[in-house]
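Position chain B relative to chain A; hints supplied.
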Amino acid sequence: GAGVSQSPSNKVTEKGKDVELRCDPISGHTALYWYRQSLGQGLEFLIYFQGNSAPDKSGLPSDRFSAERTGGSVSTLTIQRTQQEDSAVYLCASSLGRGGSYEQYFGPGTRLTVT
Amino acid sequence: AQSVAQPEDQVNVAEGNPLTVKCTYSVSGNPYLFWYVQYPNRGLQFLLKYITGDNLVKGSYGFEAEFNKSQTSFHLKKPSALVSDSALYFCAVRDMGGEVFGKGTTLSVSS
Chain A
1 GAGVSQSPSN KVTEKGKDVE LRCDPISGHT ALYWYRQSLG QGLEFLIYFQ GNSAPDKSGL
61 PSDRFSAERT GGSVSTLTIQ RTQQEDSAVY LCASSLGRGG SYEQYFGPGT RLTVT
Chain B
116 AQSVAQPEDQ VNVAEGNPLT VKCTYSVSGN PYLFWYVQYP NRGLQFLLKY ITGDNLVKGS
176 YGFEAEFNKS QTSFHLKKPS ALVSDSALYF CAVRDMGGEV FGKGTTLSVS S
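Protein chains in written order, with our numbering: chain A, 1 to 115; chain B, 116 to 226.
Okay, chain A solo, but in the shape it has when bound (with noise of 0.2 Å):
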């Protein structure tokens, strides 16, 4: 089946756009993560969707910084007046729950650059 889909692959913006970044997870997980992926600097966990419950927004590192998800299913991250700091891959995964024994799967990522 389909695996997770991230859009754009790329994206390149001028500081102080915003930008929205797309993630459609595989049908039937109900757990959705964003993470940021800088160079050498690992994984940073952004916000966690979990079915209806209210989001974990605890990794979002500033209010410039937001994200949704319609429907239980696809999700925007959102982030307004973009900074050079911003610049680095946003990955989406989804899995089929959170907590316990359940892995996860990531999509191919968003490559932003603020110039």
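Since the hints were derived computationally from the structure, they do not count as laboratory data.
All C-beta atoms in this analysis are idealised placements derived from N, C-alpha and C, irrespective of residue type, glycine included.
Among the hints, a few may not be true.
Stated by the list, open to error - Straight-line alpha carbon distances no greater than 16 Å define the calculated EDC-like cross-link-like pairs of lysine to aspartate or glutamate that follow:
id: 1; chain 1: B; residue 1: K173; chain 2: A; residue 2: E103
id: 2; chain 1: B; residue 1: K164; chain 2: A; residue 2: E103
id: 3; chain 1: A; residue 1: K15; chain 2: A; residue 2: E103
id: 4; chain 1: A; residue 1: K57; chain 2: A; residue 2: E44
id: 5; chain 1: B; residue 1: K218; chain 2: A; residue 2: D56
Unchecked claim - Derived, one-sided and incomplete: chain A residues facing chain B with beta-carbon distance under 10 Å:
id: 6; residue: D56
id: 7; residue: R64
id: 8; residue: A93
As the list claims (entries may be wrong) - Pairwise CB distance ranges, derived in the manner of DEER restraints:
id: 9; chain 1: A; residue 1: P8; chain 2: B; residue 2: G177; range: 30 to 40 Å
id: 10; chain 1: A; residue 1: R81; chain 2: B; residue 2: R157; range: 22 to 32 Å
id: 11; chain 1: B; residue 1: Q125; chain 2: A; residue 2: T115; range: 46 to 56 Å
id: 12; chain 1: B; residue 1: N170; chain 2: A; residue 2: L96; range: 36 to 46 Å
id: 13; chain 1: B; residue 1: G177; chain 2: A; residue 2: R81; range: 41 to 51 Å
Below, chain B without anything else, positioned relative to chain A:
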């Protein structure tokens, strides 16, 4: 809070030799441990996981990992490395909360 450490930024090994990528963890309860691999310009792929039971876990592409509770380690191993194993490897740990990833180890296998 849980944490995970990958002490080596890079591991170099010759093709055909055994490889080990190290991971140590810290959790308050029983851990769930995972290894993921990221090939160049691709997303992360699940390799294997330890939940409970046998300390030696076998996964994809001939990889295995050994859970050692006393040393709080979960090292990734392969008896004979391939050039195609060259990639970025992430260890992750989870207790009752979310998953925490290590910073990653770059494995370079030379022919």
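Verification of the supplied hints:
Taken as a hint, the K173 of chain B and E103 of chain A pair is honoured in the structure, with Cα atoms around 15 Å apart against an allowance of 16 Å. Using a Cα cut-off of 16 Å, the hinted pair K164 of chain B and E103 of chain A holds, with the two alpha carbons roughly 8 Å apart. Restraint check: the Cα-Cα separation between K15 of chain A and E103 of chain A comes to about 35 Å, which exceeds 16 Å; the hinted pair is violated. Taking the CA atoms of K57 of chain A and E44 of chain A, the gap is near 12 Å; set against the 16 Å cutoff, the hint holds.
Using a Cα cut-off of 16 Å, the hinted pair K218 of chain B and D56 of chain A is violated, with the two alpha carbons roughly 22 Å apart. The restraint placing D56 of chain A at the interface with chain B holds, with a minimum CB-CB distance near 7 Å, inside the 10 Å limit. Among the interface hints, the one on R64 of chain A is violated; its C-beta lies about 22 Å from the nearest C-beta in chain B, farther than the 10 Å criterion. Because the beta carbon of A93 of chain A sits about 8 Å from the nearest beta carbon in chain B, less than 10 Å, this interface hint is met.
A beta carbon spacing of about 35 Å between P8 of chain A and G177 of chain B agrees with the range 30 to 40 Å that was offered as a hint. One distance hint, 22 to 32 Å for the beta-carbon pair R81 of chain A and R157 of chain B, holds here, with the actual separation near 30 Å. Evaluation of the 46 to 56 Å hint for Q125 of chain B and T115 of chain A yields a failure: the beta carbon distance comes to about 30 Å. Checking the proposed 36 to 46 Å range against N170 of chain B and L96 of chain A shows it is violated: the Cβ atoms sit about 25 Å from each other.
The given range of 41 to 51 Å is respected by G177 of chain B and R81 of chain A, whose C-beta atoms sit roughly 47 Å from each other.
In terms of the numbered hints stated before, the structure departs from hints 3, 5, 7, 11, 12, listed from lowest to highest.
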